[in-house]
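Colleague: Sequence:
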Amino acid sequence: GGWTTPGKEAVVVDTKLGKIGMIICYDGDFPELSRVLAIQGAEIITRPSALLRSFEIWDMTNKARAYDNHVYVVAVNSV
-6 GGWTTPGKEA VVVDTKLGKI GMIICYDGDF PELSRVLAIQ GAEIITRPSA
44 LLRSFEIWDM TNKARAYDNH VYVVAVNSV
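Per my numbering, residue -6 is the first one in the sequence shown, and the count goes up by one each step.
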């Protein structure tokens, strides 16, 4: 409810900055969704998060998704 609803598909949007896909939070811990976005042509994957764990793990998973798929990952976590 509220202002969000679950998605039903992975979407890549063509923008002036490039082709952008989005994962959220815990999605970044697993390679599959990022891979789907990369196969669909994403050049940039954004990852807004609210993970309450060590910076090192969060940073490592962001770097892993970028490395796995040869894309840029733009990530922000709650402070």
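Don't read these hints as lab results, they were simulated from the structure.
Ideal Cβ positions, reconstructed from N, Cα and C, are used throughout, including at glycine.
There could be a bad hint or two in this list.
With a Cα cut of at most 27 Å, we get these calculated DSSO-like pairs of lysine-lysine [as the list claims (entries may be wrong)]:
| # | residue 1 | residue 2 |
| --- | --- | --- |
| 1 | Lys56 | Lys12 |
| 2 | Lys56 | Lys9 |
| 3 | Lys1 | Lys56 |
| 4 | Lys1 | Lys12 |
So the derived label-pair ranges between C-beta atoms look like this [to be verified]:
| # | residue 1 | residue 2 | range |
| --- | --- | --- | --- |
| 5 | Ser47 | Asp20 | 29 to 35 Å |
| 6 | Val69 | Trp(-4) | 14 to 20 Å |
| 7 | Tyr60 | Thr(-2) | 27 to 33 Å |
| 8 | Pro(-1) | Arg28 | 17 to 23 Å |
| 9 | Arg28 | Asp7 | 17 to 23 Å |
| 10 | Tyr60 | Trp(-4) | 31 to 37 Å |
| 11 | Lys9 | Ser47 | 32 to 38 Å |
| 12 | Gly(-5) | Glu49 | 27 to 33 Å |
| 13 | Thr(-2) | His63 | 19 to 25 Å |
| 14 | Asp52 | Glu2 | 27 to 33 Å |
| 15 | Ser47 | Thr8 | 30 to 36 Å |
| 16 | Val69 | Asp7 | 30 to 36 Å |
| 17 | Ile32 | Trp(-4) | 16 to 22 Å |
Colleague: With reference to the structure, classify each hint as holding or not holding.
Modeller: Against the structure, the hints:
1. Annotation: proposed proximity of Lys56 to Lys12 holds, straight-line Cα distance about 19 Å (limit 27 Å).
2. For the hint pairing Lys56 with Lys9, the CA-to-CA distance comes to about 24 Å; that is within 27 Å, so the pair holds.
3. For the proposed pair Lys1 and Lys56, the alpha carbon gap of about 26 Å is at most 27 Å, so the pair holds.
4. Distance restraint check for Lys1 and Lys12: the Cα-Cα separation of roughly 19 Å lies within the 27 Å cut-off, and the hinted pair is therefore satisfied.
5. For Ser47 and Asp20, the hinted distance range of 29 to 35 Å is not satisfied, since their beta carbons lie about 18 Å from each other.
6. With their beta carbons about 18 Å apart, Val69 and Trp(-4) fall inside the hinted range of 14 to 20 Å.
7. In this structure the hint that Tyr60 and Thr(-2) lie 27 to 33 Å apart at CB holds, the actual value being about 31 Å.
8. Distance hint check: the CB atoms of Pro(-1) and Arg28 are about 20 Å apart, consistent with the given range 17 to 23 Å.
9. For the pair Arg28 and Asp7, the supplied restraint of 17 to 23 Å holds, since their beta-carbon distance comes to about 19 Å.
10. Taking the beta carbon of each, Tyr60 and Trp(-4) are about 33 Å apart, inside 31 to 37 Å as hinted.
11. Our hint of 32 to 38 Å for Lys9 and Ser47 holds, since their Cβ atoms are close to 35 Å apart.
12. At about 32 Å, the CB distance of Gly(-5) to Glu49 agrees with the hint of 27 to 33 Å.
13. Evaluation of the 19 to 25 Å hint for Thr(-2) and His63 yields a failure: the beta carbon distance comes to about 31 Å.
14. A hinted range of 27 to 33 Å for the beta carbons of Asp52 and Glu2 is consistent with their spacing of about 28 Å.
15. The hint said 30 to 36 Å for the Cβ distance between Ser47 and Thr8, and at roughly 32 Å that hint holds.
16. Range check, Val69 to Asp7: Cβ separation about 22 Å, and the 30 to 36 Å hint is violated.
17. Evaluation of the 16 to 22 Å hint for Ile32 and Trp(-4) yields a failure: the beta carbon distance comes to about 29 Å.
Hints 5, 13, 16 and 17, counting from the list given before, are not met by this structure.
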